[in-house]
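There are 2 protein chains.
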Amino acid sequence: MERKFDEELKELSGMLMKMGSLAQTMIHKSIKALADRDRSLLKDVYTLEESVNVMHVEIDDFCLKLLALRQPQAGDLRMVTAAIKINTDLERLGDQAVNIAQRTESLLERPAIKPLVDIPRESTIAQKMVNDSLDAFIKKDVKLAEDVLTRDDTIDDINNQVFRELLTYMMSDHTTIPIAFDLIFVSKNLERIADHATNIAEDVIFMVIGKDIRHHLAIK
Amino acid sequence: MERKFDEELKELSGMLMKMGSLAQTMIHKSIKALADRDRSLLKDVYTLEESVNVMHVEIDDFCLKLLALRQPQAGDLRMVTAAIKINTDLERLGDQAVNIAQRTESLLERPAIKPLVDIPRESTIAQKMVNDSLDAFIKKDVKLAEDVLTRDDTIDDINNQVFRELLTYMMSDHTTIPIAFDLIFVSKNLERIADHATNIAEDVIFMVIGKDIRHHLAIK
Numbered sequence: 080m081e082r083k084f085d086e087e088l089k090e091l092s093g094m095l096m097k098m099g100s101l102a103q104t105m106i107h108k109s110i111k112a113l114a115d116r117d118r119s120l121l122k123d124v125y126t127l128e129e130s131v132n133v134m135h136v137e138i139d140d141f142c143l144k145l146l147a148l149r150q151p152q153a154g155d156l157r158m159v160t161a162a163i164k165i166n167t168d169l170e171r172l173g174d175q176a177v178n179i180a181q182r183t184e185s186l187l188e189r190p191a192i193k194p195l196v197d198i199p200r201e202s203t204i205a206q207k208m209v210n211d212s213l214d215a216f217i218k219k220d221v222k223l224a225e226d227v228l229t230r231d232d233t234i235d236d237i238n239n240q241v242f243r244e245l246l247t248y249m250m251s252d253h254t255t256i257p258i259a260f261d262l263i264f265v266s267k268n269l270e271r272i273a274d275h276a277t278n279i280a281e282d283v284i285f286m287v288i289g290k291d292i293r294h295h296l297a298i299k
Numbered sequence: 080m081e082r083k084f085d086e087e088l089k090e091l092s093g094m095l096m097k098m099g100s101l102a103q104t105m106i107h108k109s110i111k112a113l114a115d116r117d118r119s120l121l122k123d124v125y126t127l128e129e130s131v132n133v134m135h136v137e138i139d140d141f142c143l144k145l146l147a148l149r150q151p152q153a154g155d156l157r158m159v160t161a162a163i164k165i166n167t168d169l170e171r172l173g174d175q176a177v178n179i180a181q182r183t184e185s186l187l188e189r190p191a192i193k194p195l196v197d198i199p200r201e202s203t204i205a206q207k208m209v210n211d212s213l214d215a216f217i218k219k220d221v222k223l224a225e226d227v228l229t230r231d232d233t234i235d236d237i238n239n240q241v242f243r244e245l246l247t248y249m250m251s252d253h254t255t256i257p258i259a260f261d262l263i264f265v266s267k268n269l270e271r272i273a274d275h276a277t278n279i280a281e282d283v284i285f286m287v288i289g290k291d292i293r294h295h296l297a298i299k
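Protein chains in written order, with the numbering used here: chain X, 80 to 299; chain F, 80 to 299.
If you're looking for bench data, these hints aren't it; they were derived computationally from the structure. Some clues are possibly wrong.
If several chains are the same, the list does not tell them apart, and a pair holds so long as it fits within one copy or across any two.
To be verified - Using 25 Å as the maximum straight-line C-alpha spacing, the simulated PhoX-like pairs for lysine-lysine come out as follows:
| hint | residue 1 | residue 2 |
| --- | --- | --- |
| 1 | 89 | 207 |
| 2 | 111 | 122 |
| 3 | 111 | 290 |
Construct the complete structure from the given sequences, taking the supplied hints into account.
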């Protein structure tokens with residue numbers, strides 16, 4: 080049974096990685112559709128969401144079965160509960176990509192008010208955070224997970240910069256308000272994507288070292 | 080041990096209810112501060128956040144201990160995993176209240192552009208959703224949980240209405256843009272609070288009947 084359980088934990092990791100990869104593709108395509116003004120990429124985002132939702136339910140189900148049948152202890156138990164949480168974050172990543180896709184549909188109906196620079200940059204950083212947090216999970220790499228946490232401030236800075244710049248546009252020409260609004264919400268969606276990567280990184284750290292670093296509190 | 084475990088599950092419920100009550104107070108005070116233009120209420124929001132964060136770590140820790148020591152099965156197992164997820168949602172509710180408090184600080188530095196009607200109404204509905212989702216958890220009341228799910232559309236409608244109305248203000252007088260923005264984000268925060276109540280309601284339904292209704296997928 081021991082070896083069977085090891086295989087099942089590997090299967091669980093594989094499922095999370097597959098779901099993570101789908102969610103990352105959704106984010107990538109939604110932002111590329113916006114940056115390249117290419118509506119054709121959005122269809123894939125909606126199709127992939129269905130797959131992500133199916134995996135969300137499957138992974139939760141699988142975790143519950145592992146808890147019931149294998150009654151894992153210590154590190155294995157922390158891995159299964161981390162998987163339950165990471166699963167939720169991955170599903171929400173998909174939701175954020177769908178939100179970006181919907182904003183993009185609205186944005187592509189109107190002229191561009193400026194070339195996009197900060198949003199693609201924010202997206203690149205956020206996507207790297209997601210990728211590295213999942214990489215940290217697979218490799219049980221605490222250092223990489225900690226590194227992901229340090230990048231959240233950069234995202235906040237870009238997000239504020241996007242807001243300030245678009246505010247200037249809105250102030251000087253009120254016809255840009257609806258467009259600026261959609262862009263600000265896209266930037267907010269990217270901020271939330273980075274938040275989910277941060278959640279995953281925190282779960283990885285707890286999974287590996289058994290210590291909760293959230294809220295900077297030491298576990299008794 | 081059986082009776083001891085029953086007591087522990089009750090203790091777990093009690094911890095979640097206490098944390099839920101703190102988060103609800105945070106939401107209530109942040110919105111009341113905004114509606115009454117009373118900055119003095121905001122201090123409590125920040126103080127309570129610390130308690131919510133402490134409970135977040137404690138409840139996760141307690142759930143992990145129950146899984147390791149009691150190796151629960153079936154309904155009990157679903158209750159502990161539901162608690163892990165609800166715990167996350169409650170912590171995020173606190174985060175949303177803090178976001179509202181911060182927007183309120185910025186709003187109270189400027190004159191009101193209009194009497195607030197929709198946002199307090201949205202807040203009342205969102206708070207009731209949170210309250211009822213937790214009530215459904217304690218009473219294992221699937222009907223009440225399902226009822227919570229139906230209210231999400233009302234929140235979305237109000238949120239859209241807030242946006243459209245404030246857009247009109249911004250278009251006609253661009254000096255209102257920063258104020259309108261903060262209000263739109265408060266309304267968004269309330270929408271996310273309702274989303275968390277929906278998550279909790281879904282977890283309650285799964286906990287009680289062992290069936291996953293998310294994404295309208297039947298579990299095999």
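Next item on the list: Check residue 89 against residue 207 for me: Cα-Cα at most 25 Å, and say if that holds within a copy, between copies, both or neither.
Entry: within (23 Å within a copy, 42 Å between copies)
Notebook entry, point to check: What label fits residue 111 with residue 290 when the C-alpha limit is 25 Å: within, between, both, or neither?
Noted result: neither (38 Å within a copy, 37 Å between copies)
Check: Which holds for residue 111 with residue 122 at a C-alpha limit of 25 Å: within a copy, between copies, both or neither?
Finding: within (13 Å within a copy, 42 Å between copies)
Violated hint: 3 only; the structure is consistent with all others.
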